[in-house]
Structure formats: structure tokens, C-alpha cells
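Q: Based on the provided sequences and hints, a complete structural model is requested.
Going down the list, the protein sequences come from chains A and B.
As numbered in full-length UniProt numbering, residues 1 to 234 make up the first sequence, in order.
As numbered in full-length UniProt numbering, residues 1 to 234 make up the second sequence, in order.
Keep in mind that the hints are not guaranteed to be accurate.
To spell it out: a stretch of chain B is covered by chain A in this simulated footprint if at least three of its residues, at any positions, have a beta carbon under 8 Å from a beta carbon of chain A; those stretches are [unchecked claim]:
hint: 1; region: 85-94
hint: 2; region: 141-150
hint: 3; region: 184-193
hint: 4; region: 218-231
Take a look, some chain B residues computed to stay more than 10 Å from chain A by CB distance [what the hints assert, rightly or not]:
hint: 5; residue: Leu27
hint: 6; residue: Arg53
hint: 7; residue: Leu82
Residues of chain B clear of chain A, computed beta-carbon distances all greater than 10 Å [as the list claims (entries may be wrong)]:
hint: 8; residue: Asp48
hint: 9; residue: Gln76
hint: 10; residue: Thr78
Bear in mind the hints are in silico, worked out from the structure with no lab data behind them.
Every residue gets a Cβ at the ideal spot worked out from N, C-alpha and C, and that includes glycine.
Number of protein chains: 2
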Amino acid sequence: MPDKHLSSQFDADLNSVCGKLLEMGGLVESQVSMAMRAFAQLDAELADQVMDREREVNDFEITIDSACTELIARRQPTARDLRLVMAVSKAITNLERAGDEADRIARRTKHILEDSASHSINTAEIRLSGQMAISLLRRSLDCFARLDTKVAAEVVNEDKQIDEEFRAFVRKLTSYMAEDPRTISVGLDMLSIAKAVERIGDHAKNIAEFVIYIVKGTDVRHLPHEQLTQEANS
Amino acid sequence: MPDKHLSSQFDADLNSVCGKLLEMGGLVESQVSMAMRAFAQLDAELADQVMDREREVNDFEITIDSACTELIARRQPTARDLRLVMAVSKAITNLERAGDEADRIARRTKHILEDSASHSINTAEIRLSGQMAISLLRRSLDCFARLDTKVAAEVVNEDKQIDEEFRAFVRKLTSYMAEDPRTISVGLDMLSIAKAVERIGDHAKNIAEFVIYIVKGTDVRHLPHEQLTQEANS
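A: Right, dumping it as C-alpha cells:
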């Protein structure tokens, strides 16, 4: 069998699906950033923009998935090349869902704006978690581009921090709503936004796990962190 | 190129990954049913059983995914066969996540049990949605087994009903918590369980969409329902 890496068309196809994944990732990252800005500034217009662009994210998913299947059918990649294409095909689902979460943040922001009792809400904690999630998403895409397993393991580990922040926030929100039941409606919106942020972190983690799978050939999705780090640095 | 369908080993491999998907589906369905029973009867022991078996679901995901990649590398399927393997590889992610939601229902049930204010909660609505979600999950696996696109389109359509039930429930829960702030903590647990049920319906919908993709070759994930039905029945 000839070394398929010698085929320049094959390489071009592989680079093309990876390039599209990163392009889609850039769009999703910008959707999440915009949604968080809409929430922080309670800006309805910005929220509308996020909702308008969701379709673009969906279109990317379909285009890239079809390119992946075609690449497999035509080029019959094996080993690491095949793992790369399979990982791209799955990572785009994570990106699409992260895009859905941006949409959710935008919708809930608009709902908060319609709620008259919401003028004094404290958005600081969610904004901070949002920054962490956006940074994780960016780094998960960076390590995918460079197939850097060390950074991938860091992303997986740091996602835990977002999860912890989320749990702490829920506890705080519960007592906040109990103290002043008029805040329950806006509290539920904020809970939904905080949950969306937590899920965006999960998607970044999933993308980082795929990087380790591509390079090392090991599926680390359900491994304890020590084992995952060992695998990533082996 | 020889007709790969004449290769009995190829067929055996395809049947094997599909069989494993259905086996995994059976396990997840039983996890969801058990979790909903634990919630309906506030049964801590049953909830523990669900949590104990989550690992089995995860193991299935890894085994099947690896079988899919190996099948592609060895047998180089194309057209419908390739779509089938790609769809199995993605559908198991949906199943694994539905399993995660069962775990979440079990955990929240235990949290409700620890909450002293929770003895008079009304679980009827969530139980009903839970029945609908379990039925959708079962039917999505049935139509996968028989590659029945007509039933697949029905599953996609019926998922909308679960989504509507969820929204109605959230509205009701909001006023319920506002009337009696002591119920906020248990209310948030119930919200989380209702959300898990709604997501299980989404996963069933995703699996049904893959059936249409396998048979018709069209990615219907973001199509409006009329177009999807047309595609399924074409």
C-alpha cells in the first residue's frame, strides 16, 4: 500500500476538514463571546445578533460532516488519519451544541430584559465563569490545531473548575431566591445561563479529549484525570 | 471493486456494531426507567443502582466506537454502509448522554430525599414526561434496528411535545416556588430532573434523525419538520 501521506490531494483534504473545523470553532467562540456580552450589558440587540447567526453554525456542522464522510469514502484513511477525521466529525457536534448554548444565553438575556424585577441583578460570577469557558473553548481549538496533548490535558483538568463554580453559584442562587421570592423568575434565567456556560466548558473538554485520542490512539473520555494526564504526556 | 455486500465477514461486522448499539440502547433505556422509578417512589436504593451502572454505559461507548473505527479501517465501507457506521459512532454519544441524564435524575432524587421539606411534592407531571421520553427512546432504537424512516420522522415530531411539557412545567414551578419559598430547593431539584427528561427526548430525536440520514443520505438535523417528513417518506 502506498504511503497515503505522499498523496498531496489526501493531505489537502485532511487540511481542509481541519481548517473548516477551526473556522467553525472561531464562529462559535465569537457567538459565545457575543452572548456573554449581551448578558453582561443586558443588550437585546446583541442577543438578537447571536440568535440570527445560529443558523450559520448549523450549516457548518452539516458541511463539515459531509466532507468527513466523503473523505473517508474516497481516501480510505487509516490509523491516525482516520482517528483525526472521526474526531473532527464528532467535535463539530460539540461545537454545534456550544453554539446552541450561546443561543440559549441570548434568549434568556432577552427574557431577563422583559422581567421588570431584574434591574439589580449581579452578573459578576456568571461573567467570570463565562470568561473561563470562552478561554477553554479557544484553547481546546488551539490544541486541536497543533495536536498538542499536553494543553489538551490541561483543558480537561480546568473544566473541573467551571463545574465547581457552577455548583457554588447554584447554592448561592438558592438562598438568594429564598430571601426574595420576587427574584425567582430572574433567578431561573440566571441559572439557565450559568448552566449553559458550564456546558460550554464540557464541550471544550470533549474537544480536548479528542486531541489525545487522535495523537495517542487512546479513548480517554471516561478516564480519571491522573490516567488521562499520564496518557497525554506519554 | 467487488460488491462488499457479498463479503459475509463485512456483513457480520456491520451487524455486530448495530447489535452492540441496540444492546447499549437497552441498557440506557433500563437506566432511565429505573431512574424515573427511583424518583417516582423516592427510592434511594434504586437511585444508587442507577449510579452504580453508569460505568457500564460508558464502557459500551468506548467499545462500540473503537469497533466502528476498526470496521472503517479494515472494510472500507462506502455509501449507505459508511453512513450506517458513522451514525452508530454518533448515536452512541447520544446514548451515553442519555445515560448521564439518568444518573442526574438519580442524584437529584437522592438530594430530594435529604431535603426535609420535600414530602408533599407532586411528581405526576415529570413522571408523565418521563414515560414519553422512555417511549421515544425505545422507538428511536426500534426504528434504528429496522431502518424505518417513517417512524423516525414521528419520533422527531413527538419530541416537540416533551419540549412543550417542559416549558409548561417550568412556568408552573416558578409560581409554585414563589408561593412557598421553602420549596425552592426541592423545586430546583425537580427542575433539573424535568430538564434531564427533556434532554433524553432530544437524544432520542437525534438518534431518529440518524436513521433518515442512513437510509436517505440526507442530513436532516436542522431541517423544518415538514421538509424532514417529506425526506423521510420520499
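Q: Compare the structure with the hints numbered earlier in the document and write down the numbers of the violated ones, lowest to highest.
A: Numbers 2, 7, 9, 10, in rising order.
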